[in-house]
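There are 2 protein chains.
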Amino acid sequence: MAGIAAPRMAHSEPVIPDWVTVAGERARGYGMPAGQEAHVQRAIIEPFKDIAPSFSFSGTPHQRLRGTITPSGLHFEVHHGGRPNVDPEQHRLMIHGLVERPLKFDLDSLGRYPMVTATHFLECSGNSLFNAIMPEPMQAGCDVLHGLLSNTEWTGIPMSILLEEAGVKPEGLWVVAVGNDGPSLARSIPIEKLMDDAMLALYQNGERVRPEQGYPMRLLLPGYEGNMNVKWLTSLWVTDAPAHTKDESGEYTELLADGSAVKFTFGMGVKSIITHPSATMTMSGQGYYEISGLAWSGSGPIRRVEISADGGQSWAEAELVEPVLSRALTRFRLPWRWEGAPTLLMSRAEDSTGAVQPTRSEWKARYDPSNFLHNNAIQAWQITSEGMVQNVYA
Amino acid sequence: MAGIAAPRMAHSEPVIPDWVTVAGERARGYGMPAGQEAHVQRAIIEPFKDIAPSFSFSGTPHQRLRGTITPSGLHFEVHHGGRPNVDPEQHRLMIHGLVERPLKFDLDSLGRYPMVTATHFLECSGNSLFNAIMPEPMQAGCDVLHGLLSNTEWTGIPMSILLEEAGVKPEGLWVVAVGNDGPSLARSIPIEKLMDDAMLALYQNGERVRPEQGYPMRLLLPGYEGNMNVKWLTSLWVTDAPAHTKDESGEYTELLADGSAVKFTFGMGVKSIITHPSATMTMSGQGYYEISGLAWSGSGPIRRVEISADGGQSWAEAELVEPVLSRALTRFRLPWRWEGAPTLLMSRAEDSTGAVQPTRSEWKARYDPSNFLHNNAIQAWQITSEGMVQNVYA
Chain V
1 MAGIAAPRMA HSEPVIPDWV TVAGERARGY GMPAGQEAHV QRAIIEPFKD
51 IAPSFSFSGT PHQRLRGTIT PSGLHFEVHH GGRPNVDPEQ HRLMIHGLVE
101 RPLKFDLDSL GRYPMVTATH FLECSGNSLF NAIMPEPMQA GCDVLHGLLS
151 NTEWTGIPMS ILLEEAGVKP EGLWVVAVGN DGPSLARSIP IEKLMDDAML
201 ALYQNGERVR PEQGYPMRLL LPGYEGNMNV KWLTSLWVTD APAHTKDESG
251 EYTELLADGS AVKFTFGMGV KSIITHPSAT MTMSGQGYYE ISGLAWSGSG
301 PIRRVEISAD GGQSWAEAEL VEPVLSRALT RFRLPWRWEG APTLLMSRAE
351 DSTGAVQPTR SEWKARYDPS NFLHNNAIQA WQITSEGMVQ NVYA
Chain H
1 MAGIAAPRMA HSEPVIPDWV TVAGERARGY GMPAGQEAHV QRAIIEPFKD
51 IAPSFSFSGT PHQRLRGTIT PSGLHFEVHH GGRPNVDPEQ HRLMIHGLVE
101 RPLKFDLDSL GRYPMVTATH FLECSGNSLF NAIMPEPMQA GCDVLHGLLS
151 NTEWTGIPMS ILLEEAGVKP EGLWVVAVGN DGPSLARSIP IEKLMDDAML
201 ALYQNGERVR PEQGYPMRLL LPGYEGNMNV KWLTSLWVTD APAHTKDESG
251 EYTELLADGS AVKFTFGMGV KSIITHPSAT MTMSGQGYYE ISGLAWSGSG
301 PIRRVEISAD GGQSWAEAEL VEPVLSRALT RFRLPWRWEG APTLLMSRAE
351 DSTGAVQPTR SEWKARYDPS NFLHNNAIQA WQITSEGMVQ NVYA
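Those protein sequences? They're chains V and H, same order as listed. Read left to right, the first sequence gives residues 1 to 394 (the UniProt record's numbering). Read left to right, the second sequence gives residues 1 to 394 (the UniProt record's numbering).
Don't take each hint at face value.
The list treats identical chains as interchangeable, and a pair is accepted whether it falls inside one copy or across any two copies.
[Unchecked claim] Cut-off 20 Å, straight-line C-alpha distance, at most; resulting in silico cross-link-like pairs (SDA-like, lysine to any residue):
no., residue 1, residue 2
1, 364, 394
2, 364, 259
3, 49, 81
4, 49, 28
5, 169, 243
6, 104, 174
7, 364, 91
8, 49, 182
9, 104, 287
10, 104, 315
11, 104, 284
12, 364, 52
13, 49, 133
14, 169, 336
15, 193, 300
16, 263, 369
17, 169, 193
18, 246, 335
19, 49, 25
Derived by calculation from the structure, the hints in this document are not laboratory data.
Construct the entire structure; sequences and hints are all you get.
What follows is the structure in structure tokens.
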């Protein structure tokens, strides 16, 4: 580890700190982060404050996290009407429409069904929106720029089991999922996805799903854009066609460069971000650093992440932290020496299907300039000769 | 509603609940579990209140959790002198003794070292102590009986890197690790373990290690008994022999049936518990249930978990939740029908080395009756014809 200046021990006056001489606090029922870490919070983001005041967002502070699991307290939020205080005793999930046996479940009755456990990312389709539409790159951290992205361990009931119990009729090809909150967010989902790997998520990182992630139950569609993973799930209406709800005909469509609009862009593209170093950080001198970041894809496991320290002219393959799971965040790491010169850092991920992240200009060329959804372009960080790390378009 | 079991809402009037008609709360910086889940707490356990009043314990409520990750707020605690409020700016880690270059690190200087991420269980060697020594089986939940066991994703610096920088002399065969709290818990560790998979853990489930798990840094020795994973780690003293500290010559030794004592029982044995159903629960009628639980071993990944519903006469192999990681909790599941008859449920784990959990009587036979450490005996749950689930010795 030549290059990291760990100080040699020098003789100094012995100091017995307070916390060694006074008794510590006893065990407690539910723990919290250290008081000294109180600044590690989700970033409150209000991009649509004027046009949609009931929307509220918070972003995971990836620049302060170093693993792959997102602690539930820091999982990102996107609420269209705030976080409802759902009473789990009154909450019901209905399966109805084109089924043989309409069913209604309460939370207790669901407790006896078989469960599955899997770690999956969720990403809002509007993640990285500022980099998509701001004329000049915004100088902010990963929490604001890319924080509508998190990764937790989910446990719940395979949707296929509940749908099979209801008995989907042959003409039942779509399911409209509706949330039990004011906006009643509603999305049409192909029945194939629900019968494949969809989950009625009841637990998150071991404990009950948190209120802002859909307590007491949410839909989990691994790899699909965040809003389709309907929170506070109350109704699954089996239909023969998509419902073209306001959420899918309006809010969650992408306008292309040729003027046409894309609807039903379900899967999230392959993507990566370097979290260390990243914008708003300052390098602490020349020498050894570990470049570290996160990669993910809605289509399957990450196959490869490459890092460039020369603006994309040459690339080095990073190490992927095992286990590399499908549709989950994968941390990558690469040892690196910073020689003090201006440097343009980039990461480029490839998934198991061979899909590779586009450059920002490639990504922009596909869409109308107003589109900010599904931005999976390569993120570039500029390190100045003073060691400041800045967000740049490259 | 209060105090009355609510009937199934088979034919009820349509109700628009409050949380749909009033605006929800906006996004916030750090989330917490739902208020309705406030009872999901660590169990405060005080087995040595009279003889060691400064000890305090809390147990993870495994009977209320359904994944494999333990949320950090519910990670078990064992404190010999409480939870110190360590100032991360003043805290130092020293590496000294039989080294070429004694080193002293502050938290900032550690931020530039290469890191690794891995999910590992921690188990107190005193876990399941009541089942070891109580003459009659205690009727309590998994939190009290087996809660000194948790599983989180840890991120930190490989200890081998820090020790190599210090330059361990050829005669440096042991390392005495000391915690920065009142009791200065100190344990001697073979250098081989530290050069193998030991980690200086700085992050837990993505965020900084929690105060009760050693903020700002702890030693992580995958598979080794909990107390050796020294919290608030401040000193690594490289020596040529174990130090025989009070913690290892007194508290953490096992008295055998022949009167001799075993010291340095580092690794935790292969073990499993059924969490659903488990003691204090009541079955909600006959029919389908999913038997679910946790298995782990200090020696490597779990190879197999078998379930018996007839007191150990016949066994069925449970499904293991992927990925099955080494020295991490593995959840197992098995579909099962309860016919309403009295039933004796057991789980039996086998690890990658071929080690299998002993029965309680096999385990007891090895030790002096007073020993309560390293109890990895098979747990038996009795289901009565009324559906009550009870802790039994079998």
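Go through the copies and call it for residue 104 and residue 287: within, between, both or neither, with a Cα cutoff of 20 Å. Cα proximity of residue 104 and residue 287: across copies only (19 Å, versus 61 Å in one copy).
Checklist entry - Within a copy, between copies, both or neither: where do residue 364 and residue 259 come within 20 Å Cα-Cα? => result within (14 Å within a copy, 76 Å between copies)
Should residue 49 paired with residue 182 be assigned to within, between, both, or neither, using CA atoms and 20 Å as the limit?
For residue 49 and residue 182, only the intra-copy Cα distance (18 Å) is at most 20 Å; the inter-copy one is 50 Å.
Original post:
How would you label the pair residue 104, residue 315 (within, between, both, or neither) given a Cα cut-off of 20 Å?
Top reply: Result: close neither inside a copy nor across copies, 54 Å intra and 36 Å inter.
How would you classify residue 364 and residue 52 at a CA-CA limit of 20 Å: within, between, both, or neither?
neither (25 Å within a copy, 66 Å between copies)
Since the copies are identical, ignore which copy is meant and state whether residue 169 and residue 336 lie within 20 Å (CA to CA) inside a copy, between copies, both or neither. Classified as neither: same-chain Cα gap 57 Å, cross-chain 29 Å, threshold 20 Å.
- Message: Reference check for the pair residue 49 and residue 25, CA-CA at most 20 Å: within, between, both, or neither?
- Response: Between copies only: 15 Å across chains, 42 Å inside a chain, cut-off 20 Å.
Between residue 49 and residue 133, at a C-alpha cutoff of 20 Å, which is it: within one copy, between copies, both, or neither?
Within one copy only: 16 Å inside a chain, 62 Å across chains, cut-off 20 Å.
Please work out whether the CA atoms of residue 49 and residue 28 approach to 20 Å or closer within one copy, between two copies, in both situations, or in neither?
Classified as between: cross-chain Cα gap 15 Å, same-chain 39 Å, threshold 20 Å.
**OP:** With 20 Å as the alpha-carbon cut-off, assign the pair residue 49 and residue 81 to within, between, both or neither.
**Re:** within (13 Å within a copy, 49 Å between copies)
From the Cα coordinates, with 20 Å as the cut-off, is the pair residue 263 and residue 369 best called within, between, both, or neither?
-> Classified as within: same-chain Cα gap 17 Å, cross-chain 69 Å, threshold 20 Å.
*asked:* At most 20 Å between CA atoms: does that hold for residue 193 and residue 300 within a copy, between copies, both, or neither?
replied: This pair counts as within: shortest intra-copy Cα distance 14 Å, inter-copy 36 Å.
Comparing the model with each earlier hint shows violations of hints 7, 10, 12, 14, 18; every other hint is respected.
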